Amino acid sequence: MLRTYFSFSGRMSLRDFWIKFNAGYLLISLPLWHLRNSPNKLTAGLWAVFYLIALWPHLAVMTKRFHDRGKPMWYFLLLFCSTALLDSLPEFLPPWKVLFKICWIIVSAVMLVEALFLTGERKDNRFGASPYQAPELGTSALQPPAS
Numbered sequence: 056m057l058r059t060y061f062s063f064s065g066r067m068s069l070r071d072f073w074i075k076f077n078a079g080y081l082l083i084s085l086p087l088w089h090l091r092n093s094p095n096k097l098t099a100g101l102w103a104v105f106y107l108i109a110l111w112p113h114l115a116v117m118t119k120r121f122h123d124r125g126k127p128m129w130y131f132l133l134l135f136c137s138t139a140l141l142d143s144l145p146e147f148l149p150p151w152k153v154l155f156k157i158c159w160i161i162v163s164a165v166m167l168v169e170a171l172f173l174t175g176e177r178k179d180n181r182f183g184a185s186p187y188q189a190p191e192l193g194t195s196a197l198q199p200p201a202s
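Just add 55 to the spot in the sequence shown (first one is 1) and you have the working numbering.
Wrong hints could be hidden among the right ones.
Stated by the list, open to error - Here are the simulated DSSO-like pairs of lysine-lysine, each with C-alpha atoms no more than 27 Å apart in a straight line:
hint, residue 1, residue 2
1, K126, K75
2, K178, K75
3, K178, K126
4, K126, K156
What the hints assert, rightly or not - So the derived label-pair ranges between C-beta atoms look like this:
hint, residue 1, residue 2, range
5, I160, G125, 34 to 42 Å
6, F61, L101, 18 to 26 Å
7, P127, N95, 36 to 44 Å
8, V153, I74, 34 to 42 Å
9, L173, K96, 35 to 43 Å
10, V153, G183, 35 to 43 Å
Because the hints were derived from the structure by calculation, they are not lab data. What you are looking at is a predicted structure, and each value in this text was computed from that prediction instead of being measured. For each residue, glycine too, the CB sits at the ideal point set by N, CA and C.
Starting from the given sequences, assemble the full structure and let the hints guide the process.
Dropping the structure here:
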């Protein structure tokens, strides 16, 4: 199970992404959400520690989602880093920078929709076996096939 959240190799199905990762992340982060703007440095620090601990599994799982779509990890890192860069740009920009920002927001939205809402490739790809494999005939989907 730890390999699922800490390894950058392999694939993660859309169902596993929403049920196993996001449901657990929300159950843990929602009670801590109010701590992020706390005037108390200890509770604000608790939020920062949680965020830093949760960053690695988030990067690993999103990489696996892009792998499931047949895209390399660099797509997600480009999206992740450029979003932080765009947030740091000043509000009053020359027109070409504003156009660049609008175009990048559109590209980012397309990439996020692809990773968060579209199912992956049904066949095995260069990133691993398909998580969508149907069970063999005569076996239950709940039981592993007999060896």
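Here's how the hints hold up against the structure:
1. K126 x K75: Given that 27 Å is the threshold and the Cα spacing comes to 21 Å, the pair holds.
2. K178 x K75: Holds, at about 22 Å.
3. K178 x K126: holds (14 Å)
4. K126 x K156: holds (23 Å)
5. I160 x G125: 34 to 42 Å: violated (24 Å)
6. F61 x L101: 18 to 26 Å: Check passed, 22 Å falls within 18 to 26 Å.
7. P127 x N95: 36 to 44 Å: At 42 Å between Cβs, range holds.
8. V153 x I74: 34 to 42 Å: Holds, at about 39 Å.
9. L173 x K96: 35 to 43 Å: holds (42 Å)
10. V153 x G183: 35 to 43 Å: Roughly 41 Å apart at Cβ, these two residues keep to the hinted range, so it holds.
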